[in-house]
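S.K.: Numbering (the numbering used here), first residue to last: 121 to 274.
It should be emphasised that the hints constitute simulated quantities derived from the structure, not laboratory data.
Beta carbons: idealized from backbone N, C-alpha and C, even for Gly.
It cannot be assumed that every hint is accurate.
Stated by the list, open to error - Here are the in silico distance ranges between beta carbons for each label pair: (1) Leu130 x Phe194: 30 to 40 Å; (2) Gln137 x Met167: 25 to 35 Å; (3) Gln246 x Asn204: 15 to 25 Å; (4) Asp179 x Ser243: 23 to 33 Å; (5) Ser192 x Gly212: 16 to 26 Å; (6) Met206 x Gln137: 29 to 39 Å; (7) Gln241 x Ser191: 24 to 34 Å; (8) Asn269 x Leu130: 15 to 25 Å.
As the list claims (entries may be wrong) - Restricting the straight-line Cα-Cα distance to at most 25 Å, the calculated cross-link-like pairs of lysine-lysine (DSS-like) are: (9) Lys170 x Lys249; (10) Lys249 x Lys229; (11) Lys183 x Lys229; (12) Lys239 x Lys229; (13) Lys160 x Lys261; (14) Lys229 x Lys198; (15) Lys217 x Lys239; (16) Lys249 x Lys234.
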Amino acid sequence: MAGKQQEVQLTSLPPQQLKMLHDQLDQEIQLLSSSMQSLKAAQSQFMESKRSVSFITPDSLGKDILVPMTSSLFVPGKIADVENVMVDIGTGYYAEKSISDAEEFFNRKIDYLKQQMEKVQPSLQQKYKTKQIVLEVLQAKVMAQSRQNPEAKK
121 MAGKQQEVQL TSLPPQQLKM LHDQLDQEIQ LLSSSMQSLK AAQSQFMESK RSVSFITPDS
181 LGKDILVPMT SSLFVPGKIA DVENVMVDIG TGYYAEKSIS DAEEFFNRKI DYLKQQMEKV
241 QPSLQQKYKT KQIVLEVLQA KVMAQSRQNP EAKK
């Protein structure tokens, strides 16, 4: 049955299988760590966007700004609307939102990403613990083997 996990005593596994399990856990940890980094980066972007929206006040009307054309190209501009902003809502789509709606949008995204990180974190910690246990068992087995076969070292 898919998804059903079977419990195995680590001490009953040979060193080769322990090494394979250790390597598999390493890969899973890398994947989860990468996911966490991506979630944190996205959350930081939304936090920065929320912070930027908070700077738009009625006094901002007509102020000079730099408008990004690309990540490294900007053109001068002026703030023409202090009540609405264009928000990237994903996959290249933008929506005009009021300042308060934009802040709510960013808060929802920030909260959602926080929830996702809270789901990934325990799994990541468990993988680290399991990897450490597997490593300890593997080292103990290798030490025991080397004590039984001292000639194998030569």
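S.K.: Hint by hint, note whether the structure agrees.
M.R.: Here's how the hints hold up against the structure:
{"no.": "1", "hint": "Leu130 x Phe194: 30 to 40 Å", "verdict": "violated (57 Å)"}
{"no.": "2", "hint": "Gln137 x Met167: 25 to 35 Å", "verdict": "violated (44 Å)"}
{"no.": "3", "hint": "Gln246 x Asn204: 15 to 25 Å", "verdict": "violated (46 Å)"}
{"no.": "4", "hint": "Asp179 x Ser243: 23 to 33 Å", "verdict": "violated (47 Å)"}
{"no.": "5", "hint": "Ser192 x Gly212: 16 to 26 Å", "verdict": "holds (19 Å)"}
{"no.": "6", "hint": "Met206 x Gln137: 29 to 39 Å", "verdict": "violated (55 Å)"}
{"no.": "7", "hint": "Gln241 x Ser191: 24 to 34 Å", "verdict": "holds (31 Å)"}
{"no.": "8", "hint": "Asn269 x Leu130: 15 to 25 Å", "verdict": "holds (22 Å)"}
{"no.": "9", "hint": "Lys170 x Lys249", "verdict": "violated (37 Å)"}
{"no.": "10", "hint": "Lys249 x Lys229", "verdict": "violated (31 Å)"}
{"no.": "11", "hint": "Lys183 x Lys229", "verdict": "violated (29 Å)"}
{"no.": "12", "hint": "Lys239 x Lys229", "verdict": "holds (15 Å)"}
{"no.": "13", "hint": "Lys160 x Lys261", "verdict": "violated (39 Å)"}
{"no.": "14", "hint": "Lys229 x Lys198", "verdict": "violated (28 Å)"}
{"no.": "15", "hint": "Lys217 x Lys239", "verdict": "violated (30 Å)"}
{"no.": "16", "hint": "Lys249 x Lys234", "verdict": "holds (23 Å)"}
Hint violations for this structure: numbers 1, 2, 3, 4, 6, 9, 10, 11, 13, 14 and 15, all remaining hints satisfied.
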